[in-house]
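Chemist: Numbering of the sequence shown is given in this note's numbering, commencing with residue 91 and proceeding in unit increments.
Treat the hints as calculated values from the structure; they're not laboratory data.
You can take every hint at face value.
Cross-link-like lysine-lysine pairs, in silico, DSBU-like; alpha carbons within 30 Å at most:
{"hint": "1", "residue 1": "K294", "residue 2": "K252"}
{"hint": "2", "residue 1": "K252", "residue 2": "K187"}
{"hint": "3", "residue 1": "K253", "residue 2": "K294"}
{"hint": "4", "residue 1": "K127", "residue 2": "K275"}
{"hint": "5", "residue 1": "K229", "residue 2": "K153"}
{"hint": "6", "residue 1": "K349", "residue 2": "K104"}
{"hint": "7", "residue 1": "K253", "residue 2": "K281"}
{"hint": "8", "residue 1": "K216", "residue 2": "K154"}
{"hint": "9", "residue 1": "K215", "residue 2": "K252"}
{"hint": "10", "residue 1": "K229", "residue 2": "K193"}
{"hint": "11", "residue 1": "K291", "residue 2": "K275"}
{"hint": "12", "residue 1": "K291", "residue 2": "K253"}
{"hint": "13", "residue 1": "K215", "residue 2": "K275"}
{"hint": "14", "residue 1": "K291", "residue 2": "K154"}
{"hint": "15", "residue 1": "K202", "residue 2": "K253"}
{"hint": "16", "residue 1": "K325", "residue 2": "K215"}
{"hint": "17", "residue 1": "K325", "residue 2": "K294"}
{"hint": "18", "residue 1": "K291", "residue 2": "K216"}
{"hint": "19", "residue 1": "K349", "residue 2": "K275"}
Listed next, with one range per pair, are the computed distances between beta-carbon atoms:
{"hint": "20", "residue 1": "E284", "residue 2": "E197", "range": "41 to 47 Å"}
{"hint": "21", "residue 1": "G200", "residue 2": "W257", "range": "15 to 21 Å"}
{"hint": "22", "residue 1": "N120", "residue 2": "G200", "range": "41 to 47 Å"}
{"hint": "23", "residue 1": "K154", "residue 2": "I106", "range": "38 to 44 Å"}
{"hint": "24", "residue 1": "I125", "residue 2": "K229", "range": "31 to 37 Å"}
{"hint": "25", "residue 1": "S282", "residue 2": "Y330", "range": "20 to 26 Å"}
{"hint": "26", "residue 1": "I335", "residue 2": "S184", "range": "34 to 40 Å"}
{"hint": "27", "residue 1": "N120", "residue 2": "L142", "range": "32 to 38 Å"}
{"hint": "28", "residue 1": "K127", "residue 2": "F333", "range": "34 to 40 Å"}
{"hint": "29", "residue 1": "G341", "residue 2": "K104", "range": "16 to 22 Å"}
{"hint": "30", "residue 1": "I100", "residue 2": "D190", "range": "42 to 48 Å"}
Beta carbons are placed, not taken as given, at the ideal position from N, Cα and C, and that holds for glycine.
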Amino acid sequence: FNRDTFLNDIETMKSIKGIIFKNIDEIVQNMPGDIIKDLDILPEPARELFPLERYVPMPNGYKKLPLTNMVVIRGCPYFCTFCDQANTSARRRSPQKAIDEIKNVVEKHGVKEIAFWDDTMSYDKKWMTEFCSLLIDAKLDVIWSCFAVINTINQEILSLMKKAGCWSIYYGYETGVPELAKNMKTDRKNKSMEKMLEVTKWTKDAGIEIRGSFMFALPGENPELAEQTIENAIKLDPEYAQFSICTPYPGTELYNEIKNGKWG
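Generate the whole structure from the sequences, applying the supplied hints.
Modeler: Here you go:
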């Protein structure tokens with residue numbers, strides 16, 4: 091059994107979960123691989139293999155260097171139709187394991203800032219409360235940013251996050267127009283424009299900067315509704331606004347809707 095026999099054994103290839111491959115003119119998509127439920131069993135990244143000074147984010151995305159990225163939650167419990175992570179099984183590392191990794195990057199690599207790249211770090215309030223409390227108690231010289239969901243945020247959480255060193259939150263506002271939000275199922279994470287405005291005010295009052303995403307070419311959108319999205323972005327007034335074109339990536343619910351003719 092060698093490389094050549096393996097690559098020519100199509101049945102063996104088809105038995106491997108989690109891969110997609112091309113067999114002559116056919117694209118074969120196997121069953122998804124099994125998810126890792128207990129994230130605490132995973133080792134920390136071998137950051138000593140990467141010169142952190144070479145990996146600098148965009149100027150508006152950090153305050154201090156060296157910076158490293160970190161993931162403490164995998165998956166997302168929300169249902170946004172455009173997202174490839176929609177309705178995936180959300181799993182999280184224990185708060186203490188997350189703190190242990192933060193200590194390591196600060197003490198071993200001199201890291202001054204951490205960018206958490208979880209789809210939504212805030213979905214479990216109990217977890218976030220414990221994480222922030224432990225980080226405050228650790229008294230580490232480090233600041234951080236993260237992605238969060240409007241419907242999961244309250245003033246108590248924001249106050250804790252600020253005390254724990256959070257300086258920036260990225261909110262996926264998307265639109266704020268009720269019918270467009272319903273079409274994309276983003277109303278499940280952003281209850282309403284009123285709620286978005288309320289949480290935005292709380293965040294600014296807590297002294298945390300906001301990065302916000304907005305989208306155009308949404309399902310059911312017309313020029314008037316697109317203009318409403320722009321007006322909502324102005325009302326929300328984040329420190330940084332990112333505007334994107336809604337793209338139906340294969341495998342997403344939106345892709346299947348368009349393929350089946352739902353949006354014309």
